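Under the numbering used here, the first residue of the sequence shown carries the number 3, and numbering increases by one thereafter.
I should point out that these hints are in silico values taken from the structure, not numbers from a laboratory.
Being a predicted model, the structure only gives us computed values, none of them experimental.
Beta carbons are placed, not taken as given, at the ideal position from N, Cα and C, and that holds for glycine.
A few of these clues could be false.
[Claimed, not checked] Cβ-Cβ distance ranges computed for the label pairs, FRET-style:
hint: 1; residue 1: D80; residue 2: E24; range: 29 to 35 Å
hint: 2; residue 1: D80; residue 2: E26; range: 32 to 38 Å
hint: 3; residue 1: A21; residue 2: V41; range: 17 to 23 Å
hint: 4; residue 1: G78; residue 2: P27; range: 19 to 25 Å
hint: 5; residue 1: D43; residue 2: A22; range: 15 to 21 Å
hint: 6; residue 1: E50; residue 2: A22; range: 21 to 27 Å
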Amino acid sequence: MLSTLGDDSLLKPILAGGAAVEPEPWVTAEQVAHHLGVVKDTVYRWREQRNLPAHRVGRLWKFQISEVNKWVRAGGPDTLSAEKEDRS
3 MLSTLGDDSL
13 LKPILAGGAA
23 VEPEPWVTAE
33 QVAHHLGVVK
43 DTVYRWREQR
53 NLPAHRVGRL
63 WKFQISEVNK
73 WVRAGGPDTL
83 SAEKEDRS
């Protein structure tokens with residue numbers, strides 16, 4: 003994989019196998035909550051207690067939907083134990 007260099011290198015697509023690939027956008031906790039059909043507080047709780055993949059950018063948390071989807075498919079939110087936590 004090869005990326006372009008220069009002052010605007012972050013804005014140019016990455017070349018993968020000769021084809022341009024746009025980088026995946028970073029999204030907010032609110033957008034992740036909407037994507038998963040939960041409230042924003044649940045996203046933050048999963049980040050803290052269940053290792054939901056997130057990246058700190060300054061004082062904000064940013065997510066990539068592909069990482070979130072992979073985490074969900076691997077059983078990250080595990081609803082049975084999440085219900086037990088909510089009752090505590």
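Consistency of the hints with the structure:
1. D80 to E24: 29 to 35 Å: holds (33 Å)
2. D80 to E26: 32 to 38 Å: violated (25 Å)
3. A21 to V41: 17 to 23 Å: Check failed, 38 Å falls outside 17 to 23 Å.
4. G78 to P27: 19 to 25 Å: Taking Cβ atoms as reference, G78 and P27 lie about 21 Å apart, which means the hint holds.
5. D43 to A22: 15 to 21 Å: violated (38 Å)
6. E50 to A22: 21 to 27 Å: violated (37 Å)
Against the hints set out earlier in the document, violations occur for numbers 2, 3, 5 and 6.
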